[in-house]
Structure formats: C-alpha cells, structure tokens
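Trainee: Residue numbers (the numbering used here), protein chains in the order written: chain Y, 1 to 346; chain H, 1001 to 1558; chain D, 2001 to 2198.
Treat the hints with care, since some could be wrong.
What the hints assert, rightly or not - In silico DMTMM-like cross-links for lysine to aspartate or glutamate, where the CA-CA straight-line distance does not exceed 20 Å:
{"id": "1", "chain 1": "Y", "residue 1": "Lys200", "chain 2": "Y", "residue 2": "Glu239"}
{"id": "2", "chain 1": "H", "residue 1": "Lys1548", "chain 2": "Y", "residue 2": "Asp82"}
{"id": "3", "chain 1": "H", "residue 1": "Lys1022", "chain 2": "H", "residue 2": "Asp1529"}
{"id": "4", "chain 1": "H", "residue 1": "Lys1548", "chain 2": "Y", "residue 2": "Asp20"}
{"id": "5", "chain 1": "H", "residue 1": "Lys1356", "chain 2": "H", "residue 2": "Asp1529"}
{"id": "6", "chain 1": "H", "residue 1": "Lys1360", "chain 2": "H", "residue 2": "Glu1551"}
{"id": "7", "chain 1": "H", "residue 1": "Lys1356", "chain 2": "Y", "residue 2": "Glu86"}
{"id": "8", "chain 1": "H", "residue 1": "Lys1360", "chain 2": "Y", "residue 2": "Asp334"}
{"id": "9", "chain 1": "Y", "residue 1": "Lys310", "chain 2": "Y", "residue 2": "Asp334"}
{"id": "10", "chain 1": "H", "residue 1": "Lys1360", "chain 2": "Y", "residue 2": "Glu265"}
{"id": "11", "chain 1": "Y", "residue 1": "Lys199", "chain 2": "Y", "residue 2": "Asp164"}
{"id": "12", "chain 1": "H", "residue 1": "Lys1360", "chain 2": "Y", "residue 2": "Asp81"}
{"id": "13", "chain 1": "H", "residue 1": "Lys1356", "chain 2": "Y", "residue 2": "Asp82"}
{"id": "14", "chain 1": "H", "residue 1": "Lys1200", "chain 2": "H", "residue 2": "Asp1515"}
{"id": "15", "chain 1": "H", "residue 1": "Lys1360", "chain 2": "Y", "residue 2": "Glu86"}
{"id": "16", "chain 1": "H", "residue 1": "Lys1548", "chain 2": "Y", "residue 2": "Asp83"}
{"id": "17", "chain 1": "H", "residue 1": "Lys1356", "chain 2": "Y", "residue 2": "Asp334"}
{"id": "18", "chain 1": "H", "residue 1": "Lys1360", "chain 2": "H", "residue 2": "Asp1529"}
{"id": "19", "chain 1": "Y", "residue 1": "Lys200", "chain 2": "Y", "residue 2": "Asp133"}
{"id": "20", "chain 1": "Y", "residue 1": "Lys30", "chain 2": "Y", "residue 2": "Glu209"}
{"id": "21", "chain 1": "H", "residue 1": "Lys1360", "chain 2": "H", "residue 2": "Asp1451"}
{"id": "22", "chain 1": "Y", "residue 1": "Lys199", "chain 2": "Y", "residue 2": "Glu241"}
{"id": "23", "chain 1": "Y", "residue 1": "Lys200", "chain 2": "Y", "residue 2": "Asp238"}
{"id": "24", "chain 1": "H", "residue 1": "Lys1356", "chain 2": "Y", "residue 2": "Asp83"}
{"id": "25", "chain 1": "Y", "residue 1": "Lys30", "chain 2": "Y", "residue 2": "Asp45"}
{"id": "26", "chain 1": "H", "residue 1": "Lys1436", "chain 2": "H", "residue 2": "Asp1546"}
{"id": "27", "chain 1": "H", "residue 1": "Lys1360", "chain 2": "H", "residue 2": "Asp1515"}
{"id": "28", "chain 1": "H", "residue 1": "Lys1200", "chain 2": "H", "residue 2": "Glu1507"}
{"id": "29", "chain 1": "H", "residue 1": "Lys1356", "chain 2": "H", "residue 2": "Asp1552"}
{"id": "30", "chain 1": "H", "residue 1": "Lys1548", "chain 2": "H", "residue 2": "Glu1507"}
{"id": "31", "chain 1": "H", "residue 1": "Lys1548", "chain 2": "H", "residue 2": "Glu1537"}
{"id": "32", "chain 1": "Y", "residue 1": "Lys310", "chain 2": "Y", "residue 2": "Glu265"}
{"id": "33", "chain 1": "H", "residue 1": "Lys1200", "chain 2": "H", "residue 2": "Glu1556"}
Stated by the list, open to error - From chain Y, some residues computed to sit far from chain H (all C-beta separations above 10 Å):
{"id": "34", "residue": "Val40"}
{"id": "35", "residue": "Ala70"}
{"id": "36", "residue": "Ser72"}
{"id": "37", "residue": "Glu86"}
{"id": "38", "residue": "Glu157"}
{"id": "39", "residue": "Pro165"}
{"id": "40", "residue": "Phe172"}
These are calculated hints, taken from the structure and not from any lab test. Each residue gets a CB set at the ideal place from its N, CA and C atoms; glycine is no exception.
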Amino acid sequence: MRWVASLAAALATAVPALADDWGMGAANRKIAQTNVFATVSTPGDEVRTLALFVLAITGVIFVIVGGLLAYSVVRFRRRADDDGHEPPQVYGSNPIEFAWTTVPVIIAFVLILITARTIYTVQAAPRPPDAIDVRVIGHQWWWEFQYPNLGIITANELHIPVSDPNHPTPTFLELESADVAHSFWIPRLAGKTDLIPNKKNMMWFDPREVGTYLGQCAEYCGTEHALMLLRVVVQPRDEWERWVAAQQQPAAPDGAVAAGRAVFESTACINCHTVRGTVATGRFGPDLTHLMSRTTLGSGVALNSREHLKIWVHDPAEMKPGALMPAMNLAEKDLDELVGYMATLR
Amino acid sequence: MGVIQRETTLAPDAADLPLLGKLHDWVVTVDHKRLGMMYIGGGLLFFCVAGLQAATMRLQLAFPNAGIVPPQVFNRLLTMHGTAMVFLVGMPILTGFFNYLVPLMIGARDLAFPRLNAFGFWLWFFGSLLLYFSYLGAEGLYGAGSAPDVGWFAYAPLTERPFSRGNSTDYWILSIFITSIGSIATAINLMTTIVCMRCKGMALNKMPVLVWLALVVSVMIIVVLPPLGAAQVMLLLDRMLGAHFFDTQAGGSAVLWQHFFWIFGHPEVYVLIIPGFAFASEIIPVFSRKVIFGYSVMVAASCAIGFISLGVWAHHMFSVGMTPAGNAFFATSTMLVGVPTGIKIFNWLGTIWGGKIRLKVPMLFCLGFLFQFLIAGLTGIHLATAPFDWQLTDTYFVVAHFHYVLIGGLLFTIFGAIYYWFPKATGRMLGETLGKWHFWLLVIGFHLTFDTLHFAGLMGMPRRIYTYQAGRGLEALNLIASIGVIFQGAAVLCFVINVLRSLRSGEPAGDDPWDAWTLEWSTNSPPPDYNFATPPEVRSRRPLWDLKHPEDPDWEYE
Amino acid sequence: MTSTPPLTISPVVSTSAPARGHVGIFGLILTESAFFSIFVAAYVFYIGKSASGPQPRDVLAPPIFNSICLLSSSVTIVFAVRALRAAQVRTFALWWLATLILGLEFLVGTGLEWRELIYQHGLTIHTNLFGTTYYSLVGLHATHVVVGLVGLALVMILTALGHVSERHAERADVLSWYWHFVDSVWVVVFLTVYVIGR
C-alpha cells in the first residue's frame, strides 16, 4: 500500500489544478488517523464490539456461501465432452428450504438481540453528575459550542477533559441547528448524531485518552458541507480547567492595536461576530473573543496564522468558496491593522 | 366476450419508408415492444450522461483539495447523478424490460392499455428532459439558478426557499413528479395485464418468475411512489405558496420530510433490484440447463421482500435522534428483510448446483451478480445494526454498499438481460468476444472503485463532499477508486461498440438461440406486431421444455 | 438450436377484457389512496402544533349538508349504472345528472366555506400549520372531485348527443368506482379534519 500512497502524493503535487491546503495537510498528518475501529470512548467502543461481531458473522457467511458459489461454477461447468443431455431437473426440496430459512432467521434473531442491547447501552446511558454539558449549534458551515454552566461560547474546536474510567467525567452534547440539518461525527469517539432545526438531540462521549480527534459534518448541508470540519481536543483535567478559565475572560484590551480595534468596531464585523469586552455582540458568525486560541480558521479549512487570517478576512471565498461571510473589501492599511488587532484575541 | 381476430393491415415494409416515416412510426407507436425499446434506449442514454457526471466527480476526488470543479458545480453533479440514475436510468430500463417481455411471456398481444403505455413513456421522456433543462432554465431571482444541488433525497429544510434560492429545486420536484406519474401509469398497466390477460392454462402459479416479480414490482410502484409525490407537492406548496410543511422556522418538521421520503425511498430500491432478480431467475436456469430450484419459495420470498420492505424505511434515519425503541424496531425489520433475500440467493445456488453451466455472456453477468449481490447484502446487514450504522451512515461505506447493489447487482443483471434478449428483439446476436471484454473490464473497474470506497467510509470520509484534506489517510483509497472508473468507462465503450456493430452485422439469431423454455422464444425474432399467430396454451411453467421433451414434461412434476 | 414445434392450437379464447377496466381503476384507487394517506398523516401529525393563528375549534363548522350531498351522489350513481345496464338510457341520464349536480353542490359548498375562512377568519395556507394542512388536504380532495366531475360531464354530454347505450355500462361502472373512491376519501377527510382534529 505504501507505494500507492507515494504515487498518490507524487501525482498530487504534479496535478496543477490542486488548490492550496493552507497548511492543513501537514497539520492533519500529525494526528492519528481517523478510523471507526480505533475508538477511545465508550459509545465508540460499544459500537466497535458490535461491529466486529457482525463482521465476523457476515464474514463466515461470505466464506461459506461465496465458497459454495465458486465451487459450483467450477464443478458444474459443461464439459467439452458433454453428451448434450440435460442434467436431472430438480424442482426443489422442502427440507432444504426449511433448513436455509431457519438458519438465517436464527442468525437474524441473534443480531437483533445484540443490536438492541447496544442501542440501549449507548442511547439510554445515565448522565453522571460530573458530566460536562455542551450545547452544539450547527450553522452553515461552522460549529458553535456553548458551555452553559461555564459561561463560554466558542466555535469549531471543542475542548473537553479526559475521562477517567474510575471516575467518569463524560461530555454530554445537546445538538441543535440554526438553519439546516447537519451531523456531528468524530469517528474515534462515537457514532454520528444529526443536528436538526426545531429538534433537540443528545449524544455523549467519555474519551479516556488525551489527544486531538478529527471529524466533520456528516449530513449534506449545502455548498461547503465538505469543509465543515470538527476538532475535539481532549486535555488532562488541569490543563482543561486552565483553558476554561482563559476562555471565560473577556478580550484583554491592548493599546498597541487600538487602531485595529477601531476598524473592527466600526465595520460590519460587529453585526455578525461577538468579542466579549467590546461593542461587538453579533450572533450570526463565530464568537471571536479567543480566536487565536484555536488551531484552525474557517472550521478547519486553514491553519490559524496571521497570514491566513489576513487572506480570510480579505475574502473568505478564496479559502472556502460559498462561505456566507462576505469579502470585507477593506483597504490594505485597514486590513493590516484589523488583523493586527485580531491577532491579540488569544 | 371473445377476442375478434382481425386481419391487421400490415404497415409497409420498413425498408420502404422514408426516414421521417420511420420516425413517425416510432413516435406514435402504442406497441409494447417498441415502447419497451424506447424506454431502454432512453435509459441507456441517460446512463451515459449520468455516468460522465460520476466520472467528473471521481476525477475531482482522485486528489485532495483538487480544484477541478468548484463546490457549487460538484454539488449539482452529485444531485443530478443520483437523481438521474434512479429515475432516468433505473426506472425506465426496468419498465422497458417488463413492457417488452411480460406480454410475450404470458402469451398476450400487448399490455392491457396500450395508449396509456405510450402516455407513460412520453411523460417519462419529457420529465427527464425537464430535469436536465434545469441547467439552462433555472435562473430565478438572485441569479441562483442552475441544476438542483440538494442531493437526490433533497432533505428539508435545505430545500426550502431560504436555503435553496432560484428555481433549481422546483425543477427537481416537477421533473420527478412527472416521471413518477408515468411510472405509476405503467405499473397499473402491467398489473392489469398480468391479472387479466394471461393465456389459457397459465394460472398464477404457472407464470414465469419474471412475470411474478413484475407483478410484485408493479404493486410496489403503485403503493410507494405516491408518498414521494405527496411530499414533493407539500414541498412545492412550501416553496410557492408559503406553506409550512417542512418549514422549521414556522414549527414545521424536517424529520417529517425524511419519513415521507424514505417511505418511498426504501421500497424504491427494492423496486430497482427486484427486476434484476427477475432477469437472473430467467437467465440462470437456462444457462445451467436446470429448472429454477424452489419456484414457489422464490415467488413467496419475493412477495415477502416486497411486503417487509414497506416497514424498514427509517433505517436511513438511525442518526436522526429516534428513540431507542424506534431504532430497535427498524433494525429488527431490516434484518428480517434480509432473510427472504438470502433465501433467493440459496435458491439460485440450488439451480446452478448439479447443472451443466454454459459460461456465455448473459450467464457471466448473472454469476457476477450473485457474488456481488451477496456482498452487498452482507454490508446491508452491517448497516442494519443501528449502532454500527451510527458510524457508517452518510459515509462512503453507504455509497459503496448501494453501488454494490445497483452496479454489482442490478447493472450486471441488466447487461445480462440485454445480451440475453437482444437476439429476440433484433434478430441478431451480440458479439460474444466483445461481450466478454465488456464483462471483465467492468468487473475489474467496479471492484477497484467500490471495494476501496468501503474503507474510505471506515476511515471517516462522509458522502457528498466535493473535496477532502490531505493527511486524513484518504488519498490512496480515492486515487484507486478513481482509477477504477477508467476500466468501467472502457467496459461501457465495449458495450456500445458491441451494440452498434451487432445491430448492423450481428450473427442471425433465429427464434430460440439459447435453447430456452419460456413463451417469448416460441415466436419470431423480432416478434411480429401481434406477437403470436395464435394465442398459446400452456400446461406448465416451461411450455417450451414440454414441447422439446414430450417424454418428460414439467407438468408431471409441478 | 432446437427447432420448436408449433404450439397447441386452440379455438378462439375469451379474454377477460371486461375485467381490465375494473382492475385498472382499482390500481388507480390504490395509488391515490397512498397519495392521500400521506396528506392525512401530515394533518394528524400537525394537530395542535400551530403556535398562533386561527385554531380548528374556532373556525371550523362540520359541513354536514355538503357531505350529505356528496355521499348521496354515490347512491345516485349506483342507480344510474343499474339503469344503463338495463338499457334504460333516459333513466340513466337523469340519475347521472343528479350525481353531477350533487357533486357540483359539494364543490360550491366547499368554495363558500373557504371564502368564509379566508376573509372572515384570516386563515390561509401560510397562516399557520393548521392552515397549511387544512387547505392542502381538503384542496386535494376537491381537486379529485373536479376531475371526477369533468369525467361525469363528458359522459353527460355524450349521452345528450345520443352516443351512450347499454354497451357502455361497464365503462360507466368503472367511472363510478372512481366516484365512490372520491366519496370514501371524503369520509376519511371529514373524520380527520372535522372530528378528530377539532
């Protein structure tokens, strides 16, 4: 397989039509690959156990039935020296029909039982008192994360504490949508659950390993569905609590970027965005109070850096064609000052 | 009231007519054979168009971040590819085959309502043109017009006015609504034909399996297409008159659309695959030289599939947030529908077993179908286990699964059926060597593409994405999948060349080139307008076997 | 390739041609029933969910007279077909006309009901969920009444021109099946909208 990956990489660099990946390719490679079997959280584990069981059963069925089919094609081919007579005509056999009806029914019955058990284990899990509550609101094409008990609103990157199996601190998500249907999917943590407008859904996970887990929207939601990416950062408890404390602070004023802040507060930015501690209280776009604490921009489309931020603000469509944020059409000087200000929103 | 045998005024010899006269003949025809061929021809044309759309998508997805098409164009491609393949390729080709074969197989002269038959065809034809016309005509306000881009299942509220501006979604609604009326008309026609017009001696349990399955499919179409039409009317009312059926901002329910759509959508996929079962059930016995194993069970299993399939729809909605009880119910019903399906595979195996298999091209395609449909059914079981589905749904695993069913299963049997019945319809054989190239290239290409895509889904690749980022482990898988398209394209090219060449100079076929046993092989190739010179009379399920083996007729054993 | 001997020749067989029309119309009834049931399902689903605007209880009055007219038209059409089967074309024409008139009355009554709902109560299809589901379900039924009336009117005209006779009794019967279907759907719609939904 490795030679194929190398060929793919070689071709990828050769094809001139490729768009820039804004540093995300390299960033993604540093994270363990997404894989529905490499789960680190109870819902994911439950699903994986069920999946392996089903795969085993269907694997056996495939080998037996497929093997019989292959055998029959070889064994019962018309020979070159065939006498031309028709073979014995067998119209059916009730005992055989009974047998190969009963066995599948039994297999189906077993599968139904373990499926039902897993459904209830995952969906009807009790919520321990130490659970972290997050309210997820899906937008076209970004994720809003609110921690109602902690007074935090952020976007696109979910920070949660690692959950010790002996003293679980799972994260319970309440899923809603501000516009169309979306779906929250981090394969290594849990199966996906949809975000449906006018409906509240719930899901949970309890990751037992620190790390970053990638995922993305899994329900077609319009033009940029493909780049509505997700990052879940699972941190040790103390590190997470420090993150919470930092997020709870409003934006710290910095006199050096006062000009940039003036541009921000007098432009249409404030209609859509919130920066706590300023006059910006817009709710249509992501909360920018701690923008620079995030690893990526535009829900995962680019690595967060001053250069990329400048490109985004100048014209989001360059990175994410169809994004609902319009090109701001700022003069070069205003743009520089504005980006300088935003770079202080740590 | 008896049939009055009239002397038909035969049309002038086809070769004498000028081109315009020939065209006119085809346009005004009510003959089931011609309409059948028009359906199949039209369906194959759209197959090429939608196939090119898929090839474009696979070109884009061969590399991460490829900028070959912008997202808006890609999203239209995926919507049009899916919509066209179901309604403009699958439905007409299957309708066309049943149209052509059912009267011949039951010894009838035509369908019950020949003019309704023509009406149904032209509705389909104009509906199809309307769908593709959207590329040109959908410019509404905001300049947001073009082809629909909401996915073939058009979930609400993405399809509501605020999120789907211009008229592209309206084109989706209207074109599919119109073609569906055509499908329903043909289904009523087929059902009436089978119930009322079988020849003497052909009781229901003496019909060929294909005719039984045509009856099952017709009843399913009659019952299952209206829910889609109803939902589409509701959506149109929302979009045009400000109704609130699926308008979540006014209290409407997005999930309601999903229920209505899948109440249609799931049985629809059985409507698509059951004709494939029908073709296989006619071809496999003939090329194994054995009667079908377990006729009654095959019929009963097909009826069971048709019936149970009406109760599994929400397995497309496992991630929507239904209650555990709801999820468990639909997981259960979905597993159960797998049982009669498996039984059919066993019965085909029982037919082949002990036979004398002739590996001609129709049989090759049916053997490919058996293996591939087995795999498709097994990945279906994976998807039926709701919790596993929570990982797999809306990913390339599902895409791989349903392409396994529709290409690996249905398309293979369609090609098998074309190779099998082309001689009857045209009087000429399709080339055997080119047919084998067609088959093997398709096998290679199909497996390169769709085996690989299962793994892309397991690695976290959702469906309907116009691109993906590097470093997610998806590059190699997507490149291989895209390379497979080249082989599939080559296969289809072989097929097209084969058809064109054989129409011109294929080997003359005679009435019964395959030494088969059902009634259509007892008349000329191509059949005369009136099908049978005298109405046939049968005593068993294989009337021609009885004639060829008078010492050992079927009716002594049935 | 084996040569196939000719098939058994039998005398002219009777087809079940008369049954074709009835089986066909049964297929149509089946498909239309499926179509209607989705609108009924939507209606039932949205009962009580309108957050604002006129509510059923406040603005709906069960159209008893209209319903009696429509359901009686099923009786008159039975008499009409019976008369035609007995070759009594004049009697047939009178009963057929009665059916037509009763159907028209139903339509007029529905129109008057809608006029009151729209202008007096301010209920339209986009007012609220009740308006959406009410007008679509009752409107769908009314559309089917219109189609039926067009069919009935055509037969009426042909009868007036003297083209209809006993030979056409079965076809009239097939059309009457459609009409019975429209009336039975009204029973379901009436129960859903004016009884269960109020």
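Trainee: For each hint, tell me whether it holds in the structure or not.
Mentor: Going down the list of hints, with the structure as the test:
1. Lys200(Y) <-> Glu239(Y): violated, 30 Å
2. Lys1548(H) <-> Asp82(Y): holds, 19 Å
3. Lys1022(H) <-> Asp1529(H): holds, 15 Å
4. Lys1548(H) <-> Asp20(Y): Answer violated: Lys1548(H) to Asp20(Y) is near 70 Å, above 20 Å.
5. Lys1356(H) <-> Asp1529(H): Violated: Lys1356(H) and Asp1529(H) sit about 35 Å apart, past 20 Å.
6. Lys1360(H) <-> Glu1551(H): violated, 28 Å
7. Lys1356(H) <-> Glu86(Y): holds, 8 Å
8. Lys1360(H) <-> Asp334(Y): violated, 74 Å
9. Lys310(Y) <-> Asp334(Y): At roughly 11 Å apart (the allowed maximum being 20 Å), Asp334(Y) and Lys310(Y) satisfy the hint.
10. Lys1360(H) <-> Glu265(Y): Distance ~76 Å between Lys1360(H) and Glu265(Y) Cα, so the pair is violated.
11. Lys199(Y) <-> Asp164(Y): violated, 31 Å
12. Lys1360(H) <-> Asp81(Y): holds, 17 Å
13. Lys1356(H) <-> Asp82(Y): Within the cut-off at roughly 9 Å; holds.
14. Lys1200(H) <-> Asp1515(H): Not satisfied, since the Cα-Cα distance of roughly 23 Å exceeds 20 Å.
15. Lys1360(H) <-> Glu86(Y): Measuring from Cα to Cα gives roughly 17 Å; hence the hint holds.
16. Lys1548(H) <-> Asp83(Y): holds, 17 Å
17. Lys1356(H) <-> Asp334(Y): Violated. Lys1356(H) to Asp334(Y) sits at ~83 Å, over the 20 Å cutoff.
18. Lys1360(H) <-> Asp1529(H): violated, 29 Å
19. Lys200(Y) <-> Asp133(Y): Distance of about 14 Å is within 20 Å: holds.
20. Lys30(Y) <-> Glu209(Y): holds, 16 Å
21. Lys1360(H) <-> Asp1451(H): violated, 26 Å
22. Lys199(Y) <-> Glu241(Y): Between Lys199(Y) and Glu241(Y) the Cα gap is close to 31 Å, so the pair fails against 20 Å, i.e. violated.
23. Lys200(Y) <-> Asp238(Y): Violated, at about 31 Å.
24. Lys1356(H) <-> Asp83(Y): Given pair Lys1356(H), Asp83(Y) holds - Cα atoms ~11 Å apart, limit 20 Å.
25. Lys30(Y) <-> Asp45(Y): The hint is violated at about 23 Å.
26. Lys1436(H) <-> Asp1546(H): Measuring from Cα to Cα gives roughly 32 Å; hence the hint is violated.
27. Lys1360(H) <-> Asp1515(H): The hint holds at about 13 Å.
28. Lys1200(H) <-> Glu1507(H): violated, 34 Å
29. Lys1356(H) <-> Asp1552(H): holds, 18 Å
30. Lys1548(H) <-> Glu1507(H): violated, 24 Å
31. Lys1548(H) <-> Glu1537(H): Holds, at about 15 Å.
32. Lys310(Y) <-> Glu265(Y): holds, 17 Å
33. Lys1200(H) <-> Glu1556(H): holds, 18 Å
34. Val40: holds, 14 Å
35. Ala70: violated, 8 Å
36. Ser72: Given that some Cβ of chain H is not farther than 10 Å from that of Ser72(Y), nearest at about 5 Å, it is violated.
37. Glu86: Violated: least Cβ distance 5 Å, not greater than 10 Å.
38. Glu157: holds, 15 Å
39. Pro165: Fine: 20 Å to the nearest Cβ keeps Pro165(Y) off the interface.
40. Phe172: holds, 14 Å
When each numbered hint is compared with the structure, violations occur for hints 1, 4, 5, 6, 8, 10, 11, 14, 17, 18, 21, 22, 23, 25, 26, 28, 30, 35, 36, 37.
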